[in-house]
Every structure is written in structure tokens, then in C-alpha cells.
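Number of protein chains: 2
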Amino acid sequence: MSSDALGHTLLPKRIALPVFASDALSSVAYAPDEILLTLSIAGVTSYLLSPWIGLAVAVVLLTVVASYRQTVHAYPSGGGDYEVATTNLGRNAGISVASALLVDYVMTVAVSISQAAQYLSAIVPSVNGYEAAIAVGAIVLLTLMNLRGVRESGAFFAVPVYLFMFAMGLMAVWGTVQYFTGSLTLAESAGFELVAEPGFEQGLVGIGGAMLLARAFSSGCAALTGVEAISNGVPAFKKPKSRNAATTLLLLGLISVTMIAAILFLARATGVVFAENPHEQMTDGGRALPEGYEQHPVIGQIADAVFHHTPVLFYFVTAVTGLILVLAANTAFNGFPVLGSILARDGLLPRQLHTRGDRLAFSNGIIALAAAAIALVIIFDASVTRLIQLYIVGVFISFTMSQLGMVRHWTRALRTEVDARVRSRMVRSRAVNAFGLGLTGVVLVIVLVTKFTRGAWITLVLMAILFVAMRGIAKHYDRVRAELELDDVSAARALPSRVQAVVLISRVHKPTMRAIAYARATRPSSLEAITVGVDPEDVERLRADWVDKEIPIPLTVLDSPYREITRPVLDYVKSLRSTSPRDLVVVYVPEYVVGHWWEQILHNQSALRLKSRLLFTPGVVVASVPWQLDSASDGADESRWDEPVVQWRTGGPQE
Amino acid sequence: MSSDALGHTLLPKRIALPVFASDALSSVAYAPDEILLTLSIAGVTSYLLSPWIGLAVAVVLLTVVASYRQTVHAYPSGGGDYEVATTNLGRNAGISVASALLVDYVMTVAVSISQAAQYLSAIVPSVNGYEAAIAVGAIVLLTLMNLRGVRESGAFFAVPVYLFMFAMGLMAVWGTVQYFTGSLTLAESAGFELVAEPGFEQGLVGIGGAMLLARAFSSGCAALTGVEAISNGVPAFKKPKSRNAATTLLLLGLISVTMIAAILFLARATGVVFAENPHEQMTDGGRALPEGYEQHPVIGQIADAVFHHTPVLFYFVTAVTGLILVLAANTAFNGFPVLGSILARDGLLPRQLHTRGDRLAFSNGIIALAAAAIALVIIFDASVTRLIQLYIVGVFISFTMSQLGMVRHWTRALRTEVDARVRSRMVRSRAVNAFGLGLTGVVLVIVLVTKFTRGAWITLVLMAILFVAMRGIAKHYDRVRAELELDDVSAARALPSRVQAVVLISRVHKPTMRAIAYARATRPSSLEAITVGVDPEDVERLRADWVDKEIPIPLTVLDSPYREITRPVLDYVKSLRSTSPRDLVVVYVPEYVVGHWWEQILHNQSALRLKSRLLFTPGVVVASVPWQLDSASDGADESRWDEPVVQWRTGGPQE
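If you read the protein sequences in the order shown, they are chains A and B. Counted from 1, the first sequence has number 109 at position 109 by UniProt numbering; the numbering is strictly sequential. Counted from 1, the second sequence has number 194 at position 194 by UniProt numbering; the numbering is strictly sequential.
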């Protein structure tokens, strides 16, 4: 997509919603599962508390939505949490948020794809037990698709997301109707009893009970992942951008909350029993579970119960849920390189990542994301429950810091704003963000307390590594910038007094002659050919050729007592420089251009090493004179022959 | 070692013997074992035939020694089998022998180190079962030593080789005396019975018996490995080189034969019983062997019996035997890169391997050898018996082809020689080589027949792969040479009509100014700076700087609708070329020189990609203008400041 073209693809709300919603909506495919699974530890009576936990999650979700609606108005540029934190809290805060976001992208891929594999196994029972392998395969597939640069249209997102909403709505309505008419079938797990773990025989009591409740709540907060996506995408909305984005965000929040509520309700109505290790934590009337029992995700179990008589709808619900999870992972593949590009622009990552058109840098980002996600999937055996522990902490770190930044933002803005109406709106916004800060801060503490030893520490370690790396890169670029600063213009404009040209040769053949001809064409003050004498016979042959072909420049043979190439040349060039330090030495190196990588191994090795060493010598320019071997011309030059567009020229007089 | 220095380290025979003998002599540490082990299959009665097999091996060994004595006289240059085959039988024969030799070096390391691990386990019983791990560790250690470039003196070889000869001699004499005085203790395995395998209940009878005998013989021929080493080392001998080398070779042969004879004799005298799988093939008076029984190498068992009352001597014999095996492996580490260098000189391997002073190429050779040997040790679990099957076929291929080459050599020489005395000597030499050819050819056939399915096919496959690769490389170099041949000297001397210089810039800083100053110093016909406009703000800043700093060359901004760097520059340079095809375009690229590899990731990526693409464009020279960052000067330029030695200058008048 060209820079100009970007302006023409602004999204109306009905397309923007699915484009940005897949990540957030897909969370409902695992958040309710995690709530029930955590509560299971205290036995089935604790399930009575699941609506309250759902309510708490909904409150947090709507608060976060309200907070981000302020962000969307204040930062229509789409910088998101990273921009908010950097602008208002300084560079280190920005780097912290960036670290959290980078880790989150990896977690999004790992969690979504792992859960998608669970849904696949609900439809295709024969893949049971191979979830990790399937997840890895899916990530590889997504990676290849994204490397190929498949550009998704709005419809690519719209169809599955609306299908998912439709499926959830259908299931909710149909299920509710059945429930009230008393015709709702029970879930496959409804008959099982939960064996409370030691310490929870009395249900949720005491500090242990409170902690477990807190854990269930923080696991449920997985529903919030992806909510911030819209704040990064404001520039893509149709005008009025901020207002449309805010509306879409609100819509997204309401849909999410409705879905969670519906799922938790139907889970109770169908009697779903869900545990981390069903065969250890459940019994079937006191006896062990049937050996082949495979626990399916909650939505799958509900769909199975609700659509008991129309299995095609069960397959439909399960399939679109899996699809939406894959789509969520795909958004991370889009978002990760974009964030990388922004971080590179700010000097926190290698600068070449900034060039968006740069396919290689883009590809490296995609591959890095995929590799990290695959590693996590393998390490945690595609267990969503274990991966979730790592996920939420990063999300809430960026939520909290972003809200803190917003509070700071409004406070600053209020310092200069005089219009009373605007001021009152700002005060209101600040209140919303302050409430959001308080709530997300509390959730962050709960998440840290309940999840630290269960895996959140891994996230913090990864974030710390990224933080240190980005700080180091920034410091390096700063140092280099200071070093390169043009302090003395007139000194920089001084020219070398003379140009001494040296052509490096080994034999007399076409590339040599070309290098000599090119060097002569530049009319240097002095010009000589040099060769390193390793084999006396070769030298003698070269000397004879030189005289025979009447080559019009002198040939200098450098002695190489240690049969080396590089050092004699380096020493000779340095000696030229030391006799006339104000001269410029241009070393012409004939170089073969080959068509195949393996040919590269057969050529140029000495030249390459020599070139890289020569560059360390001050006052030396290394000029590569290429010779294109036949193999280099077969398809190797695949460039289109567009006329380049010269924007404009500025300039002093040509000397 | 400098080229000149090489001349001063010629070896007297007493030092040359140990330097070249470790490989050949170390074979006696496994050849007798393999003979007994193969005979064991037919039960203990077949041991009666071991002296006859020893005799056959001795005959072959002495024949090969006699043959190589002719080679040493005819080819004092030390090219060895590869040179003999190439010169007399053509390039393909040479490549075949080279393939065999390369594989043999790998096998030498794998077999010697695996057997050394067996000897270690005879002294240190606690390492039993970890032989493969120990062998891998030892190869890694040898690799590191050789990468560090530890240069061995003659004494490095002399001491352990003479100690080994002394140890063997002592053991032989002492053991023989004890035998005739009736005081010789029996070996630890002497009490065990051998269970003949199905088909050999009657001992060595029929075709099966003959085949087994042939197999035992061809395994015993492992004693011949390394005999050819002296023929590669003739130039290192003191004058008269050929005669001294021939004498040393004869000495080596006699010592080898004596040792084998002694070991086979003492093995019978002490009643050693030796099998591939002792716990399956042996019984202890009809019952299974003691569970902890670990079978030790034959020399170890003999030493244990002979020095029963002086265990320190047992340790001494076993330790020096292990040491000599490690030394043999080390000679492969020296020989492999040298052969690689010779093959590279002849265009059969990448040319940079030829530069002997080139540490990197040398290191690559060492690492390749080590990696291949480690792979074999792991695949074959350090089992010498299984590795031997792969070893001998390569050795006898080179023996046979070398003898064939020698016969051809003498036949050719006889065509032109007229001196009757010289002729008669040549006829005699030819007879020796012809006999050698016949015998080694027969052995080769026996080896192929008895070992093909047992592993020799692997060697042949590896050889075939190397053969095809070397042929391909040679063909490539030939093709390139023809392509580069200077056919039209006057056309090659034509100069480009004008030089258009282009300086690639992104910002105005010190490296930019240096690049502009250098470009201006070369006084091109036209000079402009170009930049790619990706970010309008950056372009505006650059333009303001340009005017502000009064930079005296025009600045051209190239439009980049796809936010790319490389293509706009390529297209612009091509358009310059297409408007004036006879001009030379010199592109000056400012480049950062950094001190750490990770800094390289942070810089130059766009420049590097651009440079490599520009080289595909005809008529373009890419000039790198380096800027040494501070980090590049800390120790990165570690070159000594020697004055270079200019050998001489040839030359036409300077235009």
C-alpha cells in the first residue's frame, strides 16, 4: 500500500468494529473458562459466585472502555498506550509500556492459537492430545501468510466477526428460551462432581477462599485483552475519527460484557463443570471419569447442550469461535511490526525496522513474533490456563500506566485551558481516567499477588530484558548522534589535498581491466595497481602479462612472508597515508557479482575480508568495481524499470 | 610459520619417524583386536588361524611399503596419492583419490579417538559406558587446540611415539621370556569359552568359513592405515630427501609388522578371548559372564597379564597406547587443511582455502573435520568395530589407484629413458608397483565383498557426494575463467567518457560531509547528493540544513511512494546510466564502522542492501566512505604497524 493510498481506506464504524474487535471479542472464548476452572478448586458450590465475578469483570471492562474513550479523544494520532505513556510520563515509562505491549503480542498469539486448537479438538475428537503440535502448525501457517504479505480487507474481518456475534447471539437467545421453557439439555459434564482440593472442603472460606476468588477474578480479566486495540487505530476511522472510534469502543465493550454474561449464565443453566485436570478433580458419581473423557471449552459444551437436536449449529458455533481466535492471533501479526516500526522511529529498536516498505525488516518482526509464540506454546504445552498467568499482568501494566499518563495529560491541559466548557469536559475526563487508574491499579495488584509465582514473574523478566535492551539501543543511538553532530562546518568542508588511487588485482582478466579503466577515468593524482605475492609463479605470470598487455599503470607487488592477503595490503595503504596524511586513498577492488548463494562462497572471500578491514583505516575509500558473472544476470536483476520520480532539487553551485 | 622459515625445519630420520609414524603405528592398537573379534564368530578353534592372518597382513603391509618407497623416489614433492593419480590417471582419478583421502581423514579421527576412549576405560573403569561422550569431548578438545593454532614441534611427537615403541618392546620381550620360562599369567578373559554362531558350529569350514576368514583379514588390514603419510611428507626430510624418506618408510613397516606379530603371539600365549558382544558370545564355564565384566582392548589385556605383578607398567602401556591414538587423530587435523589447500589450489574446493596463512579458511577445515568425526562417533556410538567397516575401503581405494598411477608413471618414463641402468631400475620399480597394485587390488575386492553391506557403502556414498561437489566446483571455476579471459585488450583499455558522482545521504552530519568532501576531491564530471524522501518532515529538515550549511553541491530528493530506500536509488542510478550509457556512475555511500557485532545490527542495514543491489547494475562503482565510530577504535584495529615489503614494481608510464 503506498503512502498516498493509505488516505483512501478509512473505515466506517460497521467495518472498523470487526477489524478491531476480533482480539477483544475472542477473549470471551477463554475468560469464562478460566473463571470456572479456578473456582472448581473449591468445589461446585463456589460456582454460585461466578455471576459476581462476571459482574466485577464487566465493571472493570466498562471502566477501561470509558477510560480509553478519553484517550481516543485526546490522542487521535493512534499512538496508543506507548504514546500516552511517553508523552506524559517520560521515556522510561514509554519503554516500560512498549516492553509490556511487545510481550502481550506474543501472548496474544500463543493464547489465542492454543485455545483455537482446543476448539478444533471439540469438533474433531481425533486430534485430542495433539493440541500443541496443531497450535505450532497454525502459527507457522499464519507466519507464512503474513510473510507472503497477504493484505486483509475489511471484509476479511467483517464476515467471521459478525458470524461470531450472530452465533453467540443465537446461542444465548435459544438457550435462554429453552431454559425458561424447561427444555434445556444439560451439558456433557453436568453429571460430574467436583472434588474440592485440600483446604477448600468447606468451600470458599477464610483467606484461602478470598485469594481463590481474587485469582478467579484476575483470570476472568483475560476478557479485557485486546480492548485497547481501537486506541491504536483511530487514524483508520472515517471522520469524525475520535467520535467514531469512541462509539465503536463503547459498542465493543457492551457486546463483550453481554457475551460474558450470556456464557456464564448458560454455563450455570446447562450445569457445565470445568476444571484444570478433569480426571483428577472430577468424579462421576464417586467413580473415576470415563477414560476417554476429553473436557471441551465452555462455549463448546454450552453449544453442544443448546443445540443438542441440531448438531450442525453446534459445529457452526464451535468453528466460528475457533476462527475468531485465529483472527485475533492474526491481528498481533499485523500490530507487532507496526509497533516495532514506531519504536524504531524513536530509536528504541534497530532503525531499519522503521522503513515500513522494508519487507526484510517487516519479515524479521513477524518471524521473531512467531518464534517467541511457538516457544511459549511448546514450553506450556498449549495449555491456555498456564499461559493466561503470563498474559494478564502485561495487559494491566499497560492499562495502568496509560491511565496514569492520561490523568497527567488532563492535569497539564487544565493548566493552560481557559474556556470553561472545555475545562469542565477535561475535569470530567480526568475523573474517568482517575477512576480507571484506580481500578486497573487495584486489578494489577490483584493479578500480581495471585499470579506472580504462577508465571507472571516470567512476563516481568521478559519485560525487564526488553526494557534493558531498548534502553541500551536508545543510548547507543544517542551517543552516535552526538558523535556525528556537525559542529564545525568549515572544517568538514575541507577537501583532501590529493587522491591516490590503488587498484587491487590478482590476475590480468576482464574484471581487472575494468577496475583499472574505471580508476583511470576518475583521473586520480596517482594511480598504481597492487598485488600480493603469495606464489612466485603466479607473480611471474602476472608480471609477464602486465608487460605483454602494455597496461599503462605501474604494478606494485607486495611481499607476503606469511602468505596472507589482507595484512600486506592494509600495511601498504597505511604507509601511503602516513607519508601523505592529507591525501585520500581510494582502493579499487574488483568484485564478482554472482547469481547463486553458493557461488558467493567460491568467490570474493578475500576481497570481502579485505574491504571490511580497510574500512577501519582512516582516510580510505573502498570502491567496489563489480563484474557481473553470467549467472548473475539470469533473473537476478528482477527490478521493474520505472522512471524514478525526482521530487525536487536544492543546491549550491557546482564547483 | 613464514614461507622462508619452512626451509629451516627439515627433519632428520630419528625425528621424521615419530612425526609420520603415529598414525600407522597406532593402527596396531586396533587391528589385532579386529582380527580376533572376527574369528571369534567361529569359536575359539579359529584362533589357531590368527598367525596366518597376521602373516597375510604383514605381507600386504610390506608390499605397500615397498610400493610407496617407489613413490617417494618418483614424487619427492610430497603430493602423495592425489598427485600421483592426477598426474598419471587424469583429473577424475585425482578427484576420486581426493574424495577417498578426505573421508579417510575423518575416519582416522573417529576410529583413533573411539579406540583411545576404550583404552581410557581400561585404566579408569568408572568411565565404562561413556566412551562416546568421552570421544566427542576429546575431539572438541583437539579441535580447540588446533583452532588456537598450537604448533607441534618434532619433540611433541617424538616423546610419545618412542615411549610407545619402548612400551611395546618391553611388553613383547618380558612377555616372551615369561612364556618360555612358564611364568606367564593368563589374561582376564582366558577362562571364557566362545559360543560359535549358528553355521560355525564346525569351525571355519565351507564358503561361510572362507568368507569369515576373508573378513578377518580385511579387518586386520586396518593396520595399514597411515602408512602412506610419509609419501606426503618427503619435502620435510633432510637431504637426500627421497632416500631418507624411503628408509624411514621401511623402518616404519618393519616396526609395524613386528608389533602386530608380537601382539598376536602374546594374545595367544595369554589366552585372550575377544568378541564383539562378549556377554552374548562368551560363557564362563557354561554360565553367563560376571555382570560387571567389561572387555578391554587386546593390548590392555596382554599388558595386564604380562605386568601382573607390576601394575604400574600396565598403566604405562595402556596410557601411551591411548596417547598414540590421540596423536594419530591430531595428524589428521594437520593433514586435512593441507590437503584442502592443495585441492583449492587445483580449483576443486573454494579458492580461499588455498591461502595457507588464512586463519579463517584453515579454521573452517578443522571445524568441518571435527563435525564429521563427531557425527560418526555419535552415529556409531564410538564402536571401533563398526567404524572400521567404513575405514578400510577408502584407504585401499587410494592405495590401489596410487599404485595404478605409479605403474603408468614408470611405463611413461620408460618410453623416453635411454640410460640402461636407469631403465633397469625403472623396470624393477614398475614391477614392485605392479605387484603392489595386484595385491592392493585383491585386498580392495576382498574388503568390498566382505564389508560392503556392513558400512563400506556409506563410505562410497560419501565419496560420491564429495566427488560430485568437487567436479561441480571445478566446472564452475573453469566456466568463470573462460568468461573472464581477456580476449580483446584494446576494448578493455577503453575508458568511460565521463564520471558522474552521486553521494547518498540521509542527514547532514559528519559522515555525510566526509563523503561529500571525498567525492569532491575526486573531481568528477558531475556531482550531486541524493536522498530518498520517506518522511516529509525529515526531508524538510534536510533541505533547511542544506541551505543553512551552504553545501556546495546540488541535492536531489527521490520520491518513494512505497516508503522504500533501495528501489528509488537503483532506478535513479539506472536512469543516469540510460541517458549517458558511456559514463561511469560512482555512488558514494557513507558507512559506519562499528566495533561490536551488535552495533552492526543497528547501522548500515539499508546501506548494505543498497550496495549489494547496486553492484548488479553495469557501469556503476560503489564507493564506501567509512566513518569510524568511537567504539570501532577500541582495540578493533589490532594490526601491527610493520612497514610492508614491496617486492618490485613493473610498469608503463603514468598517464
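There's no promise every hint is true.
Put simply, identical chains are the same to the list, so a pair is met inside one copy or across any two.
[What the hints assert, rightly or not] As a list, the in silico SDA-like pairs of lysine to any residue whose alpha-carbon atoms are at most 25 Å apart:
1) 510 to 583
2) 510 to 600
3) 549 to 484
4) 611 to 523
5) 510 to 347
6) 611 to 600
7) 13 to 49
8) 611 to 435
9) 13 to 158
10) 549 to 488
11) 611 to 630
12) 239 to 557
13) 510 to 611
14) 239 to 145
15) 510 to 601
16) 13 to 159
17) 510 to 186
18) 475 to 368
19) 611 to 628
20) 475 to 50
21) 13 to 50
22) 611 to 506
23) 238 to 206
24) 238 to 536
25) 239 to 78
26) 13 to 238
27) 549 to 126
28) 549 to 242
29) 238 to 475
30) 611 to 580
If you're looking for bench data, these hints aren't it; they were derived computationally from the structure.
We went through each hint and held it up to the structure:
{"no.": "1", "hint": "510 to 583", "result": "between (29 Å within a copy, 18 Å between copies)"}
{"no.": "2", "hint": "510 to 600", "result": "within (19 Å within a copy, 33 Å between copies)"}
{"no.": "3", "hint": "549 to 484", "result": "between (46 Å within a copy, 15 Å between copies)"}
{"no.": "4", "hint": "611 to 523", "result": "both (22 Å within a copy, 23 Å between copies)"}
{"no.": "5", "hint": "510 to 347", "result": "between (45 Å within a copy, 19 Å between copies)"}
{"no.": "6", "hint": "611 to 600", "result": "both (15 Å within a copy, 15 Å between copies)"}
{"no.": "7", "hint": "13 to 49", "result": "neither (36 Å within a copy, 94 Å between copies)"}
{"no.": "8", "hint": "611 to 435", "result": "neither (61 Å within a copy, 55 Å between copies)"}
{"no.": "9", "hint": "13 to 158", "result": "within (11 Å within a copy, 87 Å between copies)"}
{"no.": "10", "hint": "549 to 488", "result": "between (49 Å within a copy, 10 Å between copies)"}
{"no.": "11", "hint": "611 to 630", "result": "both (24 Å within a copy, 19 Å between copies)"}
{"no.": "12", "hint": "239 to 557", "result": "neither (72 Å within a copy, 33 Å between copies)"}
{"no.": "13", "hint": "510 to 611", "result": "both (21 Å within a copy, 22 Å between copies)"}
{"no.": "14", "hint": "239 to 145", "result": "neither (32 Å within a copy, 70 Å between copies)"}
{"no.": "15", "hint": "510 to 601", "result": "within (21 Å within a copy, 35 Å between copies)"}
{"no.": "16", "hint": "13 to 159", "result": "within (14 Å within a copy, 87 Å between copies)"}
{"no.": "17", "hint": "510 to 186", "result": "neither (85 Å within a copy, 76 Å between copies)"}
{"no.": "18", "hint": "475 to 368", "result": "within (23 Å within a copy, 40 Å between copies)"}
{"no.": "19", "hint": "611 to 628", "result": "both (18 Å within a copy, 14 Å between copies)"}
{"no.": "20", "hint": "475 to 50", "result": "neither (49 Å within a copy, 75 Å between copies)"}
{"no.": "21", "hint": "13 to 50", "result": "neither (33 Å within a copy, 92 Å between copies)"}
{"no.": "22", "hint": "611 to 506", "result": "both (15 Å within a copy, 23 Å between copies)"}
{"no.": "23", "hint": "238 to 206", "result": "neither (53 Å within a copy, 94 Å between copies)"}
{"no.": "24", "hint": "238 to 536", "result": "between (76 Å within a copy, 24 Å between copies)"}
{"no.": "25", "hint": "239 to 78", "result": "within (14 Å within a copy, 84 Å between copies)"}
{"no.": "26", "hint": "13 to 238", "result": "within (8 Å within a copy, 92 Å between copies)"}
{"no.": "27", "hint": "549 to 126", "result": "neither (77 Å within a copy, 72 Å between copies)"}
{"no.": "28", "hint": "549 to 242", "result": "neither (75 Å within a copy, 42 Å between copies)"}
{"no.": "29", "hint": "238 to 475", "result": "neither (39 Å within a copy, 62 Å between copies)"}
{"no.": "30", "hint": "611 to 580", "result": "within (21 Å within a copy, 29 Å between copies)"}
The structure fails to meet hints 7, 8, 12, 14, 17, 20, 21, 23, 27, 28 and 29 from the earlier list, while all remaining hints are met.
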